[in-house]
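Just so you know, the sequences run in chain order A and B. 1 is the number of the first residue of the first sequence in our numbering; add one for each residue after it. 1001 is the number of the first residue of the second sequence in our numbering; add one for each residue after it.
Some hints here could point you the wrong way.
[To be verified] Per label pair, the in silico range of CB-to-CB distance:
#, chain 1, residue 1, chain 2, residue 2, range
1, A, Asp38, B, Ser1082, 48 to 54 Å
2, B, Ser1012, A, Thr5, 31 to 37 Å
3, A, Asp1, B, Gly1029, 20 to 26 Å
4, B, Ser1026, A, Gln18, 23 to 29 Å
5, B, Glu1015, A, Asn97, 31 to 37 Å
6, B, Ala1108, A, Arg9, 34 to 40 Å
7, A, Ser69, B, Ala1108, 31 to 37 Å
8, B, Glu1045, A, Gly40, 18 to 24 Å
If you're looking for bench data, these hints aren't it; they were derived computationally from the structure. Ideal placement from N, C-alpha and C gives every residue a C-beta, glycine not left out.
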Amino acid sequence: DAEITQSPRHKITETGRQVTLACHQTWNHNNMFWYRQDLGHGLRLIHYSYGVQDTNKGEVSDGYSVSRSNTEDLPLTLESAASSQTSVYFCASSEGNSPLHFGNGTRLTVT
Amino acid sequence: QKEVEQNSGPLSVPEGAIASLNCTYSDRGSQSFFWYRQYSGKSPELIMFIYSNGDKEDGRFTAQLNKASQYVSLLIRDSQPSDSATYLCADYGGATNKLIFGTGTLLAVQP
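Input sequences plus hints: build the corresponding full structure.
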């Protein structure tokens, strides 16, 4: 069965370190998204991609970057982790404007 | 201005009652709307989507869309304790083509 996988599930890192969160989908979807979820804010869009070599900034993109070198993967990089980036991160994929399929999430703690 | 608004709750209903969850959106160009359910510590899962004005029913769930009033609702009939979760409303903005989420409504079904 097709799926979307995030890794790691949990990550603890120190302030200032570079961190990369992986997202891999086997749906063959063109659209991929990264959201963060914090209490009181719901799901906020960080970055998204509509295809290979395409990336776009979402509403909370500062301090994050993505790259799309193939259809299956959209890694999210925190260039210099900050405590404000402690959150739960969800990757999702879709085709067209069909519903999103979500990964299981990555809980990131920045100390 | 938040594009998708939801009351954060908690909304408490007795078992067997109808739970009514509401959502308003600001983008008049929005074409499609989604309801996701999220259990604590889990990823969002799709319950229903609706594109046209009126009602759409699926089992115990009914989604209602009123584009003139920019209002979307989700009714859950015969509520069960297992329905206790956070319900997220989302829309594909007509101008942005991105899925934007509300902050979610916490539903608590009391046995």
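Hint check for A:Thr5 and B:Ser1012 - Cβ pair distance inside 31 to 37 Å: 36 Å, holds
Can the suggested window of 31 to 37 Å be confirmed for the beta-carbon pair A:Ser69 and B:Ala1108? Violated: the Cβ-Cβ distance is about 44 Å, outside 31 to 37 Å.
With 31 to 37 Å as the target window, see if B:Glu1015 and A:Asn97 comply at their CB atoms. 36 Å, holds
Whether the CB-CB distance between B:Ser1026 and A:Gln18 falls inside 23 to 29 Å: Distance hint for B:Ser1026, A:Gln18 is violated at roughly 36 Å.
May I ask you to test the hint 18 to 24 Å on the CB atoms belonging to B:Glu1045 and A:Gly40? 22 Å, holds
So the hint says 34 to 40 Å: do the beta-carbon atoms of B:Ala1108 and A:Arg9 match that? For A:Arg9 against B:Ala1108, whose Cβ atoms are near 27 Å apart, the range 34 to 40 Å is violated.
Just to be sure I understand the hint, the distance between the Cβ atoms of A:Asp38 and B:Ser1082 should be within 48 to 54 Å; is that true here? Taking Cβ atoms as reference, A:Asp38 and B:Ser1082 lie about 26 Å apart, which means the hint is violated.
Within 20 to 26 Å: is that where the Cβ-Cβ distance between A:Asp1 and B:Gly1029 falls? The hint (20 to 26 Å, Cβ to Cβ) is violated, given that A:Asp1 and B:Gly1029 are roughly 35 Å apart.
Comparing the model with each numbered hint stated earlier shows that hints 1, 3, 4, 6 and 7 do not hold.
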